[in-house]
Every structure is written in C-alpha cells, then in structure tokens.
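**Student:** From first to last, the protein sequence lines stand for chains A and B.
No gaps in the numbering here: position 360 of the first sequence is 360 in the UniProt record's numbering, and each next residue is one more.
No gaps in the numbering here: position 44 of the second sequence is 44 in the UniProt record's numbering, and each next residue is one more.
Among the clues, some could well be false.
[Unchecked claim] Computed footprint of chain A on chain B; a stretch qualifies when at least three of its residues, placed anywhere within it, have a C-beta under 8 angstroms from a C-beta of chain A:
1. 30–40
2. 56–70
3. 83–91
Hints in this document: simulated from the structure, not taken from any laboratory.
Just so it is clear, CB atoms sit at the ideal spot from N, CA and C, and this is done for glycine as well.
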Amino acid sequence: MPKVPLWDLPELPQNQLPLHLQLQKTRVSCNNDAPTNTENVTYSGAYAALGVDNSLRLDEFRNNFKVKVIKLNEEDMEFDLIGIDASIANAFRRILISELPTMAIEKVLVANSSSVVQDEVLAHRLGLIPIKVDPRLFDYMSENDVPNEKNSIVFKLHVKCERKSGERLTVYSHDLEWLPSGSEYVLPTENSSESKPKTYTSFTSSQVSLPEFANNPITVTPGIIISKLAPGQEIELEAHAVKGVGKTHAKWSPVATAWYRMLPEVVLLQDIEDEDAQKLVNKCPVNVFDIEDMGKGVKRATVARPRACTLCRECIREPGWEEKVALRRVKDHFIFTIESTGALPPEVLFTEAVKILEDKCESVITELS
Amino acid sequence: MSKMEHGSYKDQSASTFSLAEDHTLANALRFTLNQDPRVSVCGYSIPHPSEARVNIRVQTTGDPAKEVLKDSCQDLMMICQHVRSTFDQAVADFKNNNGSESE
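The shape of chain B in the complex, shown without the other chains (with noise of 0.2 angstroms):
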C-alpha cells in the first residue's frame, strides 16, 4: 500500500502519515506544514534508507491532521506554481534582453 495515515477515530488531530517518498518532498511538506499556525508539531523520519518510506508525523491545535497535511500540500503546489511562472518570465525576459541588460 503506497499510503498510510495512523492515527486514532476519537482524536484525529495527531496522525502519523506514511508515504511512499523521500527526503525530497518530506523535507518541503515539513516546512510548509511547520508554516500553518493550526500545527502544533510535525517532523519527518525515514525508517530504512533502502526502503522507499517516510513517515510524516502531524499534530495540531484540533483540526484534523488529515485536513492540515492536504493543505500543506497545497501550499507547496502553490509556491510551485509560482516559481515555475516568474522563473519562465524570468528566462524569458533574459532571451529577450540576450543578457545584454543586467542589473
């Protein structure tokens, strides 16, 4: 099974998510989610190096874990997004220029 969420029916703001993935987005989940006022605590731990798994760690103030970590993940989505646009115009407007303007 690729996706895991631990976690208890009653109290459903601490989880522990286990994904398949790798430093490279837990670490980027991490900083996001440590971002979002309604996290109390979150980390990441990588049980074994050769076994492609990360477990992500969520606590909150009371909102579900689940609902928090989606949100995350959203934000990161977005903050893409908005590096992969300026960093276009950004080749674009050197192209333009051919390098001949720099500040």
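Isolated chain A, as found in the complex (with noise of 0.2 angstroms):
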C-alpha cells in the first residue's frame, strides 16, 4: 500500500488505526524480494500518539477468538486459531511437542539376541515405537521407585526363527505381548530360600485387574519392523515401558509432529483480464486462481483459493505482477495441524497442551505470591 501523507489522511476515528498502519500491523507481506512487517506490534503504547490503545483487553479478546475445525479423526486434526498471538500459539505447539507425557519403552532387558541387529540398536527401535495407552492412567518413576503397577508397563518378546524353514523372519512391533503382571524374569539372589522369587518389577497386582485395562488390553502402534531373523537366530527380550515427556526423550512425543503456518492472502490489486488473466492461472503451481467469465467475452482471474496458497512468490516473479498481485500472511490466523501418535486423539492433546500452559501460568503466581 502507497505510503499516504498525513495531511491527506481522513479525521481519525478513535481507536482505529489509519488502513497503512493496519496492514502492517496485521499482514506479513510477501515481496518478491523479501517478506516485510514481519515483526508483531505487541507495546500496550505503540499507537499511543494516534490516539489508539494497542493493550490487552481480555473481552475483545473473547470476542474475536475463534476456533474452526477443518479436520478430525483418530490420527490428525487441522484446525484454524484466529485472532491469538504467535507468542501463545507456539507456546502450544512448543507443549504439543515437548512436554506432553507419554509412555515409552526405557528399559530392554535381553535374555537372548543372536540377530544381526546389535543390543542397543535394538533398544532403540523398541524404544520409538508408540504404546497405545492413556499416560494419565500412570505416574512418573522417579529414580528411587520401584517398577510397579501404577509406574511400568512390561513387554515380552520372544522370536524364534526356525533353522528348518529356510527363509528369513520378520520381527514386528505387533509381536511384543503385554505382561499385566508384570516381570517374568527372576532377579539373582544369594539366599534362594525366600518363598516368593524376586522380579524385576514389584507389581502387587495385575494391570488387568484395574477397570482401565480390564477389556482393553495395552497394545503398541502395529505393523512397525523391528528386526530381521536369519535361520536359528532368536530374539528373546523384555521391555519396561515408563512415563516420561519430549524433552528428555523424542520417543516420549505424542505428537508425530504438531506445526502451524499463517493463513496466506492473495490480493488482486489491479483488475487481471483475458490474456493476463490466463498467464496467472497457468504461473501458479497450486492453482490458487481460476478465471472467471464477465460476458462480452470478458475474463477476469479471481482467487479461488487462497489457502492453497505456499507463497512461492512464482505469480510475482516476473518483473511488472508485483504491482498487480500481493501475497500476504495473515498474522493472527494460525491453521495449526496436529499428527498424534496414537496414544491419545488429537484434540485431547491439545487441551492437555493449553492446560500445561495453565499449570505453568499458576504455579509462577504461586511462587511469587
């Protein structure tokens, strides 16, 4: 937008700003040769000397905040956050990510591995396959508890190929069997007179007993390869799943990824017809505009769908469309996407991460209080 000067600028309605400041404040634009207004204007004062109160007001805030679902089902979700700060959106996405519990395989104890794939390698792939379980139902191991019921989920695996089948075997996630009571491995001991043998996990009683897992056994994501088997070699293993956040671990993500990207805008600045109007159509590599008829054989290019929109800045390339196509972002228009593992749905997820951020929120008012 030209820059207007400020004699010929209309009596300032109050608490409005003039249409240039708007649109930097709103809008990222998109230059062929640079993004500009890139920053948010986020000083209470910034248009005090315009008369214009740029502070938080949490009612205009509720008032314009708006939440539209573009896509929901067990796995993904796309949804639209419009009129909330990148600052607080990040910050959901940064939780999604990061600090959102989930429970993961920590500890393999390997009773047998006669499989070309080394221990710990092992371990590791065991360690990033997601469990289907709800992490709320468990509590943290800190570094002094014993595995239990309420902290560990233990796994059994044991693969045999045999040496008279003649072809190779794979191992699946889907093979791992679920110990609800726990350890079968039987902890070395001096005094072998004790009447009960020791485990490795102290489980007082089954999992399957707690009404959660009942009918509802805890199974991992299936189908994942976890190794190779040559003829006669074997795999036999147990693996000790706990809680545990992103942060210290990605294979405690929920989240395959959580991301979000600003709405794009496409902007006709100047009417585009006939021959023009076809050169645009057939310059954009995802079909954001199509042609409409005007009669009197008249076309004109319309944006038909500007959210398809990458802002590959290939319409404004050449020298001459800059003036008549602007590309911009919507700043306060987040469509966020959310790819969850499979240990919760993802609008659970995401109402966990906004709750993380309450919790944070609390407890630094607690500290200071």
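Assembling the complex is the task here: the two chains are given apart, and the hints tell you how they should meet.
**Tutor:** Spelled out as structure tokens, the structure:
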C-alpha cells in the first residue's frame, strides 16, 4: 500500500488505525525480494501518538477469538486458531512436542539376541514404538521408585526363526506381548530360601484387574519392523515402558509433529483480464487462481483457493507483476495441524497442552506470592 | 532455588525474575506483559542454553513489578481458559455435524 501524507489522512476515528498501519500490524507482506512487516507489534503504547490503545483487553479477545475445526480423525487434526498472538500459539506447539507425557519403552532386558541387530540398536528401535495407552493413568517413576503396576508397562518379545524354515523372519512391533503381571525374569539373589522369587518389577496386582485395562489390553502400534531374523536366530527380551516427556527424549513425544502456518492472503491489486488472466492461472503451481467469465467475452482472474497458496511467489516473480498481485499472511490466523502418534486423540492432546500452559502460569503466581 | 527476584527494596518498579522455565512460557509472558499499559519495558533472556533458566526483566511506570508480572500470568491463564473452552466447543460442534457442514 502506498504511503499517504499525514495531511491527506481523513479525520481519525477513535481507536482505529489508519489503513496503512492496520495493514502493517496485521499482515506480513511477502514481496518478491523478501518478506516485510514480519514483526508483531505488542507494546501497549505503540500507537499512543495516534490515540489508539494497543493493550490487551480480555473481553475483546474473547469476542474475536475463534476456532474452526477443518479435519479431525483419530490420528490427525487440522484447525484454525483465529485472533491469537503467535507467542501463545507457539507455546501450545512447543508444549505439544516436548512437554506432554506419554509412555515409552525405557529399559530392555535382553535374555537372548542372536540377530544381526545389535542390542543397543534394538533397544533404541523398541523405544521409538508408540504405545497405545493413556499416560494419565500412570505415575512418573522417579529415581528411587521401584517399578510397579502404577508406573510401568512390561512387554515380552520372544521370536525365533526356525532353522528348517529356510526363510528369513520379520519381527514386527505387534509381536510384543503385554505382561500385565509384570516382569517374568527372576532377580538373581543369594538366599534362595525366599518363598516367592523376586522379579525385576514388583507389581502388587495384575494390571488386568484395574478397571481401565480389564477389557482393554495395552497394545503398541502394529506393523513396525523391529528386526529381521535369519534361520536359527532368536530374540528373547523384556521391554519396560515408563512415563516421560518429549524434552527428555523424542520417543516420549505424543505427536509425530505439530505445526502451524499463517493463513495466506492473495489480493489482486488491479483487474487482471483476458490474456493476463490466463497467464496468471498458468503461473500458479497450486491452482490458487480461477478465471471468471464477466460476459461480453471479458475474462477476469479471481482468487479461488487462497488457502492452497504456498507463497512460492512464482506469480510475482516476473517484472511488473508485483504491482498486480499482493501476497500476504494474516498474522493472527494460524492453521494448526497435529499428528498424534496414537496414545491420545489429537483434540485431547491440544486440550492437555493448554492445561499445561495454565499450570505453568499458576505455578509462577504461587511462587511469586 | 526455582524462583528469584532481583530488584531494589527502594524502587520495586523494576525487577528481574529468574524462573526455571524456557521460551514456551517466557515468550508468551513477554507478550502479555507488553500488552499491559503499566509496563514500560520488558524482555527476557536465557543465560545459557543447557540450563533450564530464564530471566524476565520487567520495568513499570510505578507499580511493583512483581504484581504486574503476577497479573500478566493471570491474563495468560484467562486466555488459555478461553482458548480451551472455545476449542472444546468447536470440536464438539464438528463431531455433531460430522464434518458435513463446512463453512
């Protein structure tokens, strides 16, 4: 937008920015050479000289904030967050990736492994397998805790490729078998007089007796290849899963990924007709533009699918086109995507992430009081 | 110690708060602090990347910095609560319509 001399500006209505400042404040301009106005103006008195209040008014936020769900299934979710600052949207994204707990395999007790995959590599692969269980049903295991039915899940893996089969055997994640009563491996002890031999876990009861798991056995994501066995090779191990968060190790991250992008806005600054319209439609690799028949043989370009725009800037690359088309991003409109790994559905993940940010605020308030 | 306030007893309008947090909270708090008209300057820094610590600097026009920071936390919490209720409503609406009714 061209600069307007101050004396040409209309009488300012109170609490409204002149158009060019409004544009700078709310849009990122994606120009041919580089994007401009990428910063967010957050200081409350930024526009004090114009008599415009830039401070946070919660009631105004409540009126303007909108959520639109675009896509939702068990694994993926896409939704729009409209009317929120990037700092808060980013906080949600960061929490989703690194601070929401899940269960993941942390300890692997290898009894026998004659496959070519080394034990440490095997343990790492097992750790990355998503476990389909609600982590809210479990406690964290701290350093001095013993593994029990409240903080651990135990899986057994015992596969053998028979020598006579003559074919290689693929070991999948669904070969892992849940042991609701805990470890089956007996701890080596000196006095064998004890009535009940101790195992590597001390479950007081079977997890099957808990109402959450009674008719709902704990499984992992099936179909992930763990290893391949040649005839005669065998893997026998126990895997112990505990609760953790993504910032300790990515295996505890509940999302494959979570990201957002700002809503693209494509504006035709002048009417683009006939030959130019066809040129514009052909330029765009993602088909943002359509041609509209205006009658009398006039064809005019329209912006039909701005959401598809990747801001590749191909349409404004050639000289002269930057004056015809403007590519912008809406600063307070986020297209948020969450891909869950399967432990919790994506909508629950987001709600939990918001709760964690609330808890952080609350703990700061209590610490300061 | 998880929280420290570095400031003057005489003039409580400027303080640095040292919290065991990261960008996630600090950047969001910087936003809400900057939006508060009582704040003249505010910013944050992370002194060392491998230490979970963030220093939040708050300078106000006169009010105690601690109270202003507490209010900003409160604001952020209110925003979160509103985001959560709006989101839950949007998800419930989507599930009811089963995605058939799209705007």
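**Student:** If a hint holds in the structure, say so; if it does not, say that too.
**Tutor:** Tested hints:
1. 30–40: Result for this restraint: holds, n = 8.
2. 56–70: Result for this restraint: holds, n = 3.
3. 83–91: Holds: 8 residues of the stretch 83–91 of chain B have a Cβ under 8 angstroms from chain A.
In summary, this structure violates none of the numbered hints.
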